[in-house]
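Protein sequences, first through last, are from chains A and B.
Just so you know, we're using the working numbering here: the first sequence kicks off at 1 and counts up by one.
Just so you know, we're using the working numbering here: the second sequence kicks off at 1 and counts up by one.
Treat the hints as calculated values from the structure; they're not laboratory data.
Among the hints, erroneous ones may be present.
Said to hold, decoys possible - With beta-carbon atoms standing in for the labels, derived distance ranges:
{"hint": "1", "chain 1": "B", "residue 1": "K292", "chain 2": "A", "residue 2": "R27", "range": "37 to 43 angstroms"}
{"hint": "2", "chain 1": "B", "residue 1": "L65", "chain 2": "A", "residue 2": "A201", "range": "33 to 39 angstroms"}
{"hint": "3", "chain 1": "B", "residue 1": "Y285", "chain 2": "A", "residue 2": "I280", "range": "57 to 63 angstroms"}
{"hint": "4", "chain 1": "A", "residue 1": "P20", "chain 2": "B", "residue 2": "G291", "range": "46 to 52 angstroms"}
{"hint": "5", "chain 1": "A", "residue 1": "L266", "chain 2": "B", "residue 2": "K45", "range": "47 to 53 angstroms"}
Note that beta-carbon positions come from the ideal geometry of N, C-alpha and C, so glycine has one too.
Number of protein chains: 2
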Amino acid sequence: MYRMMGAMLLSLGIALAAGPKLIAWLRKLHFGQTIYELGPAHQKKQGTPVMGGLMMAAGILAASLICHPACWQGGEDFVIPLLAVSFLSMGVGFADDYIKAVRKQHEGLKPLQKIAGQVVVAAGFSVYCYFHPAVGSKVLVPFLNTEWDLGIWYLPLMTLTVIFIVNSSNLQDGLDGLLGTVSAVGSSAWAMICVVLIALAGAGSSDIPGLNTIGVFALAMAGACIGFLRYNRYPAKIFMGDTGSMLLGGGMAAIALLLRRPFLLLLICFTPVMSSVSVIIQRYYFKLTHGKRIFLMSPIHHHFEKKGYSETQIVSMYAGITLVLGTIAVLSVVAG
Amino acid sequence: MYRMMGAMLLSLGIALAAGPKLIAWLRKLHFGQTIYELGPAHQKKQGTPVMGGLMMAAGILAASLICHPACWQGGEDFVIPLLAVSFLSMGVGFADDYIKAVRKQHEGLKPLQKIAGQVVVAAGFSVYCYFHPAVGSKVLVPFLNTEWDLGIWYLPLMTLTVIFIVNSSNLQDGLDGLLGTVSAVGSSAWAMICVVLIALAGAGSSDIPGLNTIGVFALAMAGACIGFLRYNRYPAKIFMGDTGSMLLGGGMAAIALLLRRPFLLLLICFTPVMSSVSVIIQRYYFKLTHGKRIFLMSPIHHHFEKKGYSETQIVSMYAGITLVLGTIAVLSVVAG
Chain A
1 MYRMMGAMLL
11 SLGIALAAGP
21 KLIAWLRKLH
31 FGQTIYELGP
41 AHQKKQGTPV
51 MGGLMMAAGI
61 LAASLICHPA
71 CWQGGEDFVI
81 PLLAVSFLSM
91 GVGFADDYIK
101 AVRKQHEGLK
111 PLQKIAGQVV
121 VAAGFSVYCY
131 FHPAVGSKVL
141 VPFLNTEWDL
151 GIWYLPLMTL
161 TVIFIVNSSN
171 LQDGLDGLLG
181 TVSAVGSSAW
191 AMICVVLIAL
201 AGAGSSDIPG
211 LNTIGVFALA
221 MAGACIGFLR
231 YNRYPAKIFM
241 GDTGSMLLGG
251 GMAAIALLLR
261 RPFLLLLICF
271 TPVMSSVSVI
281 IQRYYFKLTH
291 GKRIFLMSPI
301 HHHFEKKGYS
311 ETQIVSMYAG
321 ITLVLGTIAV
331 LSVVAG
Chain B
1 MYRMMGAMLL
11 SLGIALAAGP
21 KLIAWLRKLH
31 FGQTIYELGP
41 AHQKKQGTPV
51 MGGLMMAAGI
61 LAASLICHPA
71 CWQGGEDFVI
81 PLLAVSFLSM
91 GVGFADDYIK
101 AVRKQHEGLK
111 PLQKIAGQVV
121 VAAGFSVYCY
131 FHPAVGSKVL
141 VPFLNTEWDL
151 GIWYLPLMTL
161 TVIFIVNSSN
171 LQDGLDGLLG
181 TVSAVGSSAW
191 AMICVVLIAL
201 AGAGSSDIPG
211 LNTIGVFALA
221 MAGACIGFLR
231 YNRYPAKIFM
241 GDTGSMLLGG
251 GMAAIALLLR
261 RPFLLLLICF
271 TPVMSSVSVI
281 IQRYYFKLTH
291 GKRIFLMSPI
301 HHHFEKKGYS
311 ETQIVSMYAG
321 ITLVLGTIAV
331 LSVVAG
């Protein structure tokens, strides 16, 4: 448990310490945000540095490597796959941010390039899980007290899940402090799930080092988000960019798959998923009705903005939803 | 576990549903806040209804009574003491708010009346815990893996602890959404501690109904806070008043004592305690230096306000601190 505490505090400290230098450095490089012309009235945000995700990446990387138990104890160790999925997802986002920043335009990577990169990461990780003796193709179903063996379908379904969560996370990152706050609460919920599973298993279980590593990684994520929020909460001094949102999305998906609980993503990542779903509904409705819109704007947080809610109100609302659903996710582990 | 989920959702629903009617009713009665003349520039808040705590009280009461396990299973049941401490503490706060509202002045109960009421509640509860076979005078010390038998000293020390936490909670309630947010995170941490203890004990332990009840109560508090925040987040439509802050403080202290973990209040209630401590430091420093101030204003959240932080920034910062320290509190239960 001390490793988990250490990971959270270390990651928090690194993100806090890295903040001012990263902001100054990105400003010097003129890596500022180019605000999308069609968005709500966010023009004043023009020029705010992006790629703040690097701050979180530094915290997560250092804290996970230093605090994960297998360094010291041997045994099951998921630190490499966890870091691989989150950092390779981040790589795609970083490439996108980098091209936008250098070319000073809204278009980054081409959609096909982005998706190709994500497919490689997601499919590779699904194959890893499929063949790993402690994971495999059986997923646990919350509330039904059962597990489903997805067999070979595990590979395409989990590949899609990872891609969906990474992009949902990316879509939700549209208001100051939103994704950081929601991810801080969500990662803490994952860590609590690890703690409960460790408590249920008892000290002798062979699964402990694996669970411990996932808990360490989850709290490294939570700490990094809380540190990053110091600079990202309204009014934001820096944005996480695709760099950060894809890092967090990749991390969330990796944790869910390794814990064999992809369904819990629907609770813990409910608000990012809602962002994606609102975009999909908006597009289909637009096509079906030949031009009508169901939301004033999608993703749905912009709908709330246009309805008159302030950025901080929406962040607080989303955080409350995540706290409730994250708590239910933790409780489901004991119930099922 | 389903009872805990139910308690959180029910309490959330009741607070949300009660909100608009309570606000309209209090406005009709002209039970608005009289803003203290010496405070920071909060004059625009003049007239905002207080006693929003009643909204939370309704949720906590109904959810705890409906969802607590002993209703259905028999066995250890802490629902009466939990409700007694929180609602009697609320009673003192309510009297204070009521007098202020009726007389339209800043002075409510006299300090001596307030303290007398709190001493009765706190001392009564300490005696209850002291003689209860499942609680007693031994407290668990986190991180040291030990317990201390306070013997007869349990009574005065725990009486002071309860009074201190209730008043700290009251002092922290000075910014829109602050105490509600911090208490939502803090109560969820207590609930997680109950879940971990249940997982550690295994299904056969006799302690389970008691832990389950505390978990139900903690999540009823969390749900009520999240529902209340719908109306209390910046810019607030209603304040919780002493009614709400003393209810929450009483609930926090009651949980800590029943779990025999008063030390964890220093982590989970760190920010309310910081509010109290900042007031004490300010006063002593003022006396010692014959008129100098160490903070621009106390409690310390007003210091941050005068330093240029916005209300929402301070709320987000305090919430982050509580999330980190609450997580450490949960981890300490497994470590120690």
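Right, here's what the structure says about each hint:
no. : hint                                : in the structure
1   : B:K292 / A:R27: 37 to 43 angstroms  : 38 angstroms, holds
2   : B:L65 / A:A201: 33 to 39 angstroms  : 34 angstroms, holds
3   : B:Y285 / A:I280: 57 to 63 angstroms : 58 angstroms, holds
4   : A:P20 / B:G291: 46 to 52 angstroms  : 36 angstroms, violated
5   : A:L266 / B:K45: 47 to 53 angstroms  : 39 angstroms, violated
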